[in-house]
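J.: Sequential numbering of the sequence shown, starting at 13, is according to my numbering.
No lab work stands behind these hints: they were computed from the structure. Treat the hints with care, as some may be off.
Said to hold, decoys possible - DSS-like mimics (lysine-lysine), calculated; alpha carbons at most 25 Å apart, straight line:
#: 1; residue 1: Lys207; residue 2: Lys162
#: 2; residue 1: Lys242; residue 2: Lys186
#: 3; residue 1: Lys181; residue 2: Lys135
#: 4; residue 1: Lys31; residue 2: Lys135
#: 5; residue 1: Lys135; residue 2: Lys162
#: 6; residue 1: Lys246; residue 2: Lys152
#: 7; residue 1: Lys78; residue 2: Lys158
#: 8; residue 1: Lys207; residue 2: Lys242
#: 9; residue 1: Lys170; residue 2: Lys190
#: 10; residue 1: Lys214; residue 2: Lys200
#: 11; residue 1: Lys135; residue 2: Lys15
#: 12; residue 1: Lys96; residue 2: Lys82
#: 13; residue 1: Lys135; residue 2: Lys158
#: 14; residue 1: Lys200; residue 2: Lys158
As the list claims (entries may be wrong) - Have a look at the derived ranges for each label pair, beta carbon to beta carbon:
#: 15; residue 1: Asp113; residue 2: Asp28; range: 51 to 59 Å
#: 16; residue 1: Lys162; residue 2: Val204; range: 15 to 23 Å
#: 17; residue 1: Thr118; residue 2: Lys152; range: 41 to 49 Å
#: 18; residue 1: Lys152; residue 2: Asp113; range: 50 to 58 Å
#: 19; residue 1: Ala193; residue 2: Pro52; range: 19 to 27 Å
For clarity, every value in this text was computed on a predicted model and none was experimentally measured. Glycine is no exception: its CB is placed at the ideal position from the N, C-alpha and C atoms.
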Amino acid sequence: MKKLKVKRMVYTRIYDAGKLMQYIMDCINFALASSMYEDPHIEAAFILEGMEAIEAIQLAVNKYVKNENKANLSDRRNKVAEGKRWLDRYADMVEIIANADANRDTIQQAGTNISASFLTPRKIVNAGKPNPEEPELFGKTVGSGKVNVKVLNGATYKPMMTHFILLEKTMNAKIVLKNGALFIEIEKMGQVVCKTANSKGKFTHFTGLKDGVEYDIYAYAQNGNEQISKLSAKITV
Numbered sequence: 013m014k015k016l017k018v019k020r021m022v023y024t025r026i027y028d029a030g031k032l033m034q035y036i037m038d039c040i041n042f043a044l045a046s047s048m049y050e051d052p053h054i055e056a057a058f059i060l061e062g063m064e065a066i067e068a069i070q071l072a073v074n075k076y077v078k079n080e081n082k083a084n085l086s087d088r089r090n091k092v093a094e095g096k097r098w099l100d101r102y103a104d105m106v107e108i109i110a111n112a113d114a115n116r117d118t119i120q121q122a123g124t125n126i127s128a129s130f131l132t133p134r135k136i137v138n139a140g141k142p143n144p145e146e147p148e149l150f151g152k153t154v155g156s157g158k159v160n161v162k163v164l165n166g167a168t169y170k171p172m173m174t175h176f177i178l179l180e181k182t183m184n185a186k187i188v189l190k191n192g193a194l195f196i197e198i199e200k201m202g203q204v205v206c207k208t209a210n211s212k213g214k215f216t217h218f219t220g221l222k223d224g225v226e227y228d229i230y231a232y233a234q235n236g237n238e239q240i241s242k243l244s245a246k247i248t249v
């Protein structure tokens, strides 16, 4: 299962020292209140480091308020940066604990676990479409140089597109679909026609074919650049 991460921009974009101190304190309070994150899962010594980071920021702020010079401003900024580094380490620990198999059954549960630390989980991205089903074909001649081809799969067949390949039977073609690429080897020259049906299309119509000639027909379905079905079994019409 994919691991859900912490949205770190929530705290890295806090520049106000007071707001950052409160954010660190909220993380500490949530961790101490959660059996998932309490010591020894997140050690008490690390929580103490967070408290010390807050104290260091507050001392730097007080120092700058008394004397607003460049050195004190730089020190305040450095202490804020150190507080964010503590939060990065905290986020590292939270991600490991929240995504542990013992603590989650779904990625949504990992999001709930991260929220229990006061941190914010990243948006859960829906999984991409799976590889579509291998098409099952039926075809018939419907007139001079005309062939209809239909996909027989049921309601679960929902690819973004279906590719149809029609070749003269006398070509003795060998077709292999590998990593999304179609390899065709032929023994004799002949007519090859390819068409694509978009969305849930289960039907295509070929015209301009040679009258009285048998054709081998294949198809494969596609949901994206990498989500590709197996090549269908050959039918001949």
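J.: All hints, please: hold or fail.
T.: Hint-by-hint comparison with the structure:
1. Lys207 with Lys162: holds, 13 Å
2. Lys242 with Lys186: Judged against 25 Å, a Cα distance of about 15 Å means the pair holds.
3. Lys181 with Lys135: Roughly 52 Å between the alpha carbons, so the hint for Lys181 and Lys135 is violated.
4. Lys31 with Lys135: Within the cut-off at roughly 23 Å; holds.
5. Lys135 with Lys162: violated, 40 Å
6. Lys246 with Lys152: holds, 13 Å
7. Lys78 with Lys158: violated, 90 Å
8. Lys207 with Lys242: Status holds; Cα separation ~17 Å.
9. Lys170 with Lys190: holds, 21 Å
10. Lys214 with Lys200: Distance of about 30 Å is beyond 25 Å: violated.
11. Lys135 with Lys15: With a Cα-Cα distance of about 12 Å, the restraint between Lys135 and Lys15 holds, given a limit of 25 Å.
12. Lys96 with Lys82: holds, 21 Å
13. Lys135 with Lys158: violated, 50 Å
14. Lys200 with Lys158: Between Lys200 and Lys158 the Cα gap is close to 22 Å, so the pair holds against 25 Å.
15. Asp113 with Asp28: 51 to 59 Å: Violated - the Cβ-Cβ distance for Asp113 and Asp28, about 38 Å, lies outside 51 to 59 Å.
16. Lys162 with Val204: 15 to 23 Å: holds, 20 Å
17. Thr118 with Lys152: 41 to 49 Å: holds, 47 Å
18. Lys152 with Asp113: 50 to 58 Å: holds, 53 Å
19. Ala193 with Pro52: 19 to 27 Å: violated, 53 Å
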